[in-house]
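Since the structure of chain A is provided, determine the placement of chain B on it from the hints.
Chain by chain, the residues run as shown.
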Amino acid sequence: MTLTADTPAADAATPSGPAIYFDGTCSVRNDVVVEAGAAGLRIFSAKNRRLLDEWLYAELRRQAAPDGVLRLGRHGETLLARLEIRDTALASAIEDRAVTLDRGGVAERRLRRKVVILSLAAVVSLIFTAVIGVPVLATRLAPLVPIAFEQKLGSAVDSQIRATLDTKHLGAGFVCDAGANGAAGRAALDKLVGRLKAAAALPYPVRVDVVRRPDFNAFALPGGHIYAFQGLIDRAQSPDEVAGVLAHEMGHVAHRDGTRTVLQAAGLSFLFGMMLGDFVGGGGVVIAAKTVVRSSYSRRVEAAADVYSVGVMQKAGGDPRALATILARVTADKDEGIKILADHPDTKDRVIAIDALAPAGASTPLLGAADWAALKQICAPSPAGATTAPAGATTAAASGTPSASAAGSAYGKDPSSGATAGSK
Amino acid sequence: MTTAEAVSSPVAAAGAVRFLGNEGAYWRLRIKGAALVVVTLGIYRFWLATDVRRYLWSNTEISGDTLEYNGLATELLIGFLFAIAILVPLYMVFALVALELDMVAVTPALIGFALLLLLGEYALYRARRYRLTRTVFRGLRFDQHGSPWRYALYALVCWGIVIVTLGLAYPWTSAFIERFKMRNTSYGDLHGRFAGRGLALFWRGLPIWLLVVGVPIFAIGGMARLIDWNMLGNELAASQGGDDSMNTLIQNNPQLAMAIGIVISAFSASVLVAIVLYPVFQAVKLRWWISGLRFGAVAVTSQLRIRQVYRVYLRLLLYLFLLGLLASVMGGMTVAVVLGIVGLAHNATLTQVTIGAISLLLYVVFMIGSSTIYQVIVAAGLWRLGAQTAALSGEAALDGVRATGTASSALGEGLADALGVGSI
Numbered sequence: 010m011t012l013t014a015d016t017p018a019a020d021a022a023t024p025s026g027p028a029i030y031f032d033g034t035c036s037v038r039n040d041v042v043v044e045a046g047a048a049g050l051r052i053f054s055a056k057n058r059r060l061l062d063e064w065l066y067a068e069l070r071r072q073a074a075p076d077g078v079l080r081l082g083r084h085g086e087t088l089l090a091r092l093e094i095r096d097t098a099l100a101s102a103i104e105d106r107a108v109t110l111d112r113g114g115v116a117e118r119r120l121r122r123k124v125v126i127l128s129l130a131a132v133v134s135l136i137f138t139a140v141i142g143v144p145v146l147a148t149r150l151a152p153l154v155p156i157a158f159e160q161k162l163g164s165a166v167d168s169q170i171r172a173t174l175d176t177k178h179l180g181a182g183f184v185c186d187a188g189a190n191g192a193a194g195r196a197a198l199d200k201l202v203g204r205l206k207a208a209a210a211l212p213y214p215v216r217v218d219v220v221r222r223p224d225f226n227a228f229a230l231p232g233g234h235i236y237a238f239q240g241l242i243d244r245a246q247s248p249d250e251v252a253g254v255l256a257h258e259m260g261h262v263a264h265r266d267g268t269r270t271v272l273q274a275a276g277l278s279f280l281f282g283m284m285l286g287d288f289v290g291g292g293g294v295v296i297a298a299k300t301v302v303r304s305s306y307s308r309r310v311e312a313a314a315d316v317y318s319v320g321v322m323q324k325a326g327g328d329p330r331a332l333a334t335i336l337a338r339v340t341a342d343k344d345e346g347i348k349i350l351a352d353h354p355d356t357k358d359r360v361i362a363i364d365a366l367a368p369a370g371a372s373t374p375l376l377g378a379a380d381w382a383a384l385k386q387i388c389a390p391s392p393a394g395a396t397t398a399p400a401g402a403t404t405a406a407a408s409g410t411p412s413a414s415a416a417g418s419a420y421g422k423d424p425s426s427g428a429t430a431g432s433k
Numbered sequence: 068m069t070t071a072e073a074v075s076s077p078v079a080a081a082g083a084v085r086f087l088g089n090e091g092a093y094w095r096l097r098i099k100g101a102a103l104v105v106v107t108l109g110i111y112r113f114w115l116a117t118d119v120r121r122y123l124w125s126n127t128e129i130s131g132d133t134l135e136y137n138g139l140a141t142e143l144l145i146g147f148l149f150a151i152a153i154l155v156p157l158y159m160v161f162a163l164v165a166l167e168l169d170m171v172a173v174t175p176a177l178i179g180f181a182l183l184l185l186l187g188e189y190a191l192y193r194a195r196r197y198r199l200t201r202t203v204f205r206g207l208r209f210d211q212h213g214s215p216w217r218y219a220l221y222a223l224v225c226w227g228i229v230i231v232t233l234g235l236a237y238p239w240t241s242a243f244i245e246r247f248k249m250r251n252t253s254y255g256d257l258h259g260r261f262a263g264r265g266l267a268l269f270w271r272g273l274p275i276w277l278l279v280v281g282v283p284i285f286a287i288g289g290m291a292r293l294i295d296w297n298m299l300g301n302e303l304a305a306s307q308g309g310d311d312s313m314n315t316l317i318q319n320n321p322q323l324a325m326a327i328g329i330v331i332s333a334f335s336a337s338v339l340v341a342i343v344l345y346p347v348f349q350a351v352k353l354r355w356w357i358s359g360l361r362f363g364a365v366a367v368t369s370q371l372r373i374r375q376v377y378r379v380y381l382r383l384l385l386y387l388f389l390l391g392l393l394a395s396v397m398g399g400m401t402v403a404v405v406l407g408i409v410g411l412a413h414n415a416t417l418t419q420v421t422i423g424a425i426s427l428l429l430y431v432v433f434m435i436g437s438s439t440i441y442q443v444i445v446a447a448g449l450w451r452l453g454a455q456t457a458a459l460s461g462e463a464a465l466d467g468v469r470a471t472g473t474a475s476s477a478l479g480e481g482l483a484d485a486l487g488v489g490s491i
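Protein chains in written order, with the numbering used here: chain A, 10 to 433; chain B, 68 to 491.
Treat the hints loosely; a few may be bogus.
Said to hold, decoys possible - Here are the computed lysine to any residue pairs in the SDA-like style, where the Cα-Cα straight-line distance is at most 20 Å:
1. K123(A) <-> G363(B)
2. K299(A) <-> V106(B)
3. K99(B) <-> Q323(A)
4. K99(B) <-> S128(A)
5. K99(B) <-> A394(B)
6. K299(A) <-> L427(B)
7. K299(A) <-> S426(B)
8. K99(B) <-> V420(B)
9. K248(B) <-> G363(B)
10. K99(B) <-> K299(A)
11. K206(A) <-> D358(A)
12. K200(A) <-> K324(A)
13. K123(A) <-> V105(B)
14. K161(A) <-> H178(A)
15. K161(A) <-> L163(B)
16. K123(A) <-> L115(B)
17. K99(B) <-> V132(A)
18. K99(B) <-> R122(A)
19. K200(A) <-> Q246(A)
20. K352(B) <-> G234(B)
21. K248(B) <-> L185(B)
22. K161(A) <-> K299(A)
23. K299(A) <-> A424(B)
24. K206(A) <-> I156(A)
25. K299(A) <-> V420(B)
26. K200(A) <-> Q323(A)
27. K99(B) <-> G363(B)
28. K324(A) <-> A189(A)
29. K161(A) <-> F161(B)
30. K99(B) <-> A116(A)
31. K357(A) <-> S304(A)
32. K123(A) <-> V106(B)
33. K161(A) <-> L150(A)
34. K299(A) <-> A139(A)
35. K299(A) <-> V431(B)
In case anyone wonders, no lab produced these hints; they're calculated from the structure.
Isolated chain B, as found in the complex:
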């Protein structure tokens, strides 16, 4: 449906959520933006991000009215500069402290990693606040409260738990984090909640987990039982870890070879299955998240189907393949032509430099190209899909909301950008 048709009936079915945008316009926005980002070595990204959010927000219609993003690119730029002003001294202090304490490599790296994770989660939470307070709906803005440091701590601990349980705890930690975020989110004086249950996500995701994580674990367990550990230990000690020890070990223990083979094939199968089932995971997670959103008496439901998400990812693969084909062909032709010309000079240095420059250009073009394709087809595609399949109930409550709240600074955005975390 074109935007004109959609707009001509402004009061759509009450409670309906629609996405009005035209994908062609978004492609143009993204491609032009990507070119400018490369040319300005990244400085233009704040303007691109602002344009993207304006497009996505403005085309999301809820109960007949569209969202509005009123953030400015300059706010993002200032937030970034501010963040740099904080991060640079932080990095320097950290390096100096590590040097003073005479620690080498591993320990400071681990501590630094944990600190960066913490800072990243802090930045994400503040960035979320920035985006919410710049979102206007029916003349009222959204808001977010709650301590970002507490969120960061929770997030870090949750990640730790997920890793330790090999992913089994993910549904419950997700629910916990979403509950924290939504309970601190409000639209005017309408308070948010998250009604999704960890158990529901667990049941939906269990088949995936069994196939992706369960199979390798089972294989490892099986391998452990196949091997005579005592004998293996003795042989390892005797061989003194020379280069040939692995081969002799395998020759002496055919079971070891089989066990290793089983484990490797189990892991490979697991990776393959993970790739194939990834859209299923995304669909399940998205539907669970959307249908858990609550604002006061307003509830959101989702009719998202797994096959719709699959279609999105298959489109992605197709476009990536086409891009790769195009890049190889164009790249090959360019290299041939340029080398032909440059080869006339018979200057080895010039030839090498030219090859290097062309390779770099092809690399950048392919990376930017695939990123743009991903953003248009998957990121925006899933946004559109989520919106089109969502619906509100109790939307009458949307008519009686009163204004509260003020805008927040863009520091969180800046930090998230400087640390390389963040999404749309």
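One chain only, chain A, in its complex shape:
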């Protein structure tokens, strides 16, 4: 595109200087003289003063270059023609005339600042979503998950959990229902659970198993499989205490807590894992964030299950305060310590809440004396049996798989890190 003369002007008003020009079709380096005219740059070959090209100021764009070099390109061209100017006077003159070159990088800095501010806003919004939005969404979505799917999820997790908890590799012997004692205990357990189920009217079948672990713990998997530990049976002093704990677990089942936790964990993983990027040290932040959100969420869930337990125990005719009684007794044995990120509200708070909700009063135990005795012996070795219950303190299990801990709504701490209170 020609403008005025085809040869370089000689007057001093038009700044000019040497430069290097690449025309974008061939890699030859051309030494040129550049003239900063009124409307644009005129590029003349240094050898024969022929006009090679003209670039309007409006089309000029600054390209990345080493310090001291002004590298210009043309906007809107498919060819990557380049003009490299090392002459500082000429460069300065061109920057004066071409606004698009953004002298000093002011426009670029402004843009970056906008980016950072928007990002900060996004971070705030993200945290808000994670802390409030995700649990709400999980609660709304959990009832929509079909029960069949939840049972499938539960059975998928079940084998993982078994593998983690069954540290002595007892296999089928891990569940206490074999042999004379086991069978009798099983019958008593079924009676107890039956009375609770009648009062609860759960949306889908529930199955309770007592397993050989000395910890005081019980948890429910999605799909309705409830595990109670031997330690729970051992420490209970009345059938209502066991029933209270089981009713609490049924509360988790009724509220679809397992599914909710999985949905919530998935949502948090997505937000903090994927959306956030890959920056070094980010892993620690992600874990910290997930832990904090999860534990605050868990407290609400556990409190709701406590309320459910009180309701069911009342309907079944048992002592609704039994749950509080056993909780208080068990934690009095242990040194409570500071549980900031405990997955449960402080047990004292729970005991107070349960007692406030449940009316004190007489009630008949949910199991007769004979059945209670049988249940107490559920994990005892049968006279002719081969399995032995592990006595004495055992080390806490290794940390469970993430999906296992997400899916099981633990009664005690996370099921795979059950607390030990020394030997019985």
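Only chain B this time, still in chain A's reference frame:
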């Protein structure tokens, strides 16, 4: 040499390759960028990556002209979003399929791992294309052809072979992969090749392999001969795998103890040697790779010395040590001061939360700090070293190249970022 001096003689010795950049400027770029990345929880990383590439490319001078990176941060951001749009449904589908097929833990995890590896290699190849097409030299862009899926398959198979041969096949698989990549790389109409031979790398790397991998293998072989396997097998069967079995086994078989001791010391020595020889491996590999690059008649040679690479890594250790020292001192002082203040409130929860927050902060600072140090001293350091010790021959061919090719999308970059693979 300062950038001004370097630039004032634009036509350096023909065929020379130089790095013009000033390390101080790069430190500032990296530190500021790292701070912004943390504050924006990773969103700023696209801008940082673009700045880094502009710095490295613009300061790499080949035969008197510098490279140019003309990619935009917004392209990277869009590529990332695109990749998320692909990956999220993919992850969900995968989880659902695994659930439906009732598989637990191991099988889907392995398949998933292999698929992710494949996807990662696919992303790497496409990301390489993105970077090449955004690299401009003398007004012409680089380009890359070839099917990314084929590359991914090749890469996966090669990794399998390397693992199976305990690393012996690495020189040949490397040569194969580099040949594939370079044969599909072009500068304008100048086609790339890779002339490095696997055998050459093998000879150079053999001493390292013998010391790092050979010694443990030898030790294991020796151990196998020292032990009476039959007796050991019988004893294992008899002891029934109780907790004490290991101790009794060792008591009964002193040779077993010695053999285990030999193997452990062999592995420890191997790890130590691997650490010490790592710079040698890097130097050998880098020099072999650079001197194998060909573009048409242009050949690259490398004068890289192992001791230069050692200097880089020793600097790294020094800086990391200093960072660690600084972090501990500052961290210790901060913790003491803050705890003193917070302790006045006598609130256990607040104290614990504060300690948690400070620890997290220290962790993030140390991680970001070490990553930045690594990037400036090693990544950019090796880039600079590689450039300064490289030279071209047949560079006259650089003058007659014609333009071809178009820019490619940033999807590969996005995928690589989302999957956590990728480098500069």
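Hints, one by one, checked against the model:
no. : hint                : result
1   : K123(A) <-> G363(B) : violated, 45 Å
2   : K299(A) <-> V106(B) : holds, 18 Å
3   : K99(B) <-> Q323(A)  : violated, 63 Å
4   : K99(B) <-> S128(A)  : holds, 16 Å
5   : K99(B) <-> A394(B)  : holds, 18 Å
6   : K299(A) <-> L427(B) : holds, 13 Å
7   : K299(A) <-> S426(B) : holds, 16 Å
8   : K99(B) <-> V420(B)  : violated, 29 Å
9   : K248(B) <-> G363(B) : holds, 15 Å
10  : K99(B) <-> K299(A)  : violated, 28 Å
11  : K206(A) <-> D358(A) : violated, 27 Å
12  : K200(A) <-> K324(A) : holds, 16 Å
13  : K123(A) <-> V105(B) : holds, 16 Å
14  : K161(A) <-> H178(A) : violated, 24 Å
15  : K161(A) <-> L163(B) : holds, 11 Å
16  : K123(A) <-> L115(B) : holds, 15 Å
17  : K99(B) <-> V132(A)  : holds, 19 Å
18  : K99(B) <-> R122(A)  : holds, 13 Å
19  : K200(A) <-> Q246(A) : holds, 18 Å
20  : K352(B) <-> G234(B) : holds, 14 Å
21  : K248(B) <-> L185(B) : holds, 16 Å
22  : K161(A) <-> K299(A) : violated, 25 Å
23  : K299(A) <-> A424(B) : holds, 14 Å
24  : K206(A) <-> I156(A) : holds, 18 Å
25  : K299(A) <-> V420(B) : holds, 15 Å
26  : K200(A) <-> Q323(A) : holds, 17 Å
27  : K99(B) <-> G363(B)  : violated, 41 Å
28  : K324(A) <-> A189(A) : violated, 32 Å
29  : K161(A) <-> F161(B) : holds, 15 Å
30  : K99(B) <-> A116(A)  : holds, 18 Å
31  : K357(A) <-> S304(A) : holds, 17 Å
32  : K123(A) <-> V106(B) : holds, 14 Å
33  : K161(A) <-> L150(A) : holds, 17 Å
34  : K299(A) <-> A139(A) : holds, 9 Å
35  : K299(A) <-> V431(B) : holds, 16 Å
In this structure, the hints that do not hold are numbers 1, 3, 8, 10, 11, 14, 22, 27 and 28, in rising order.
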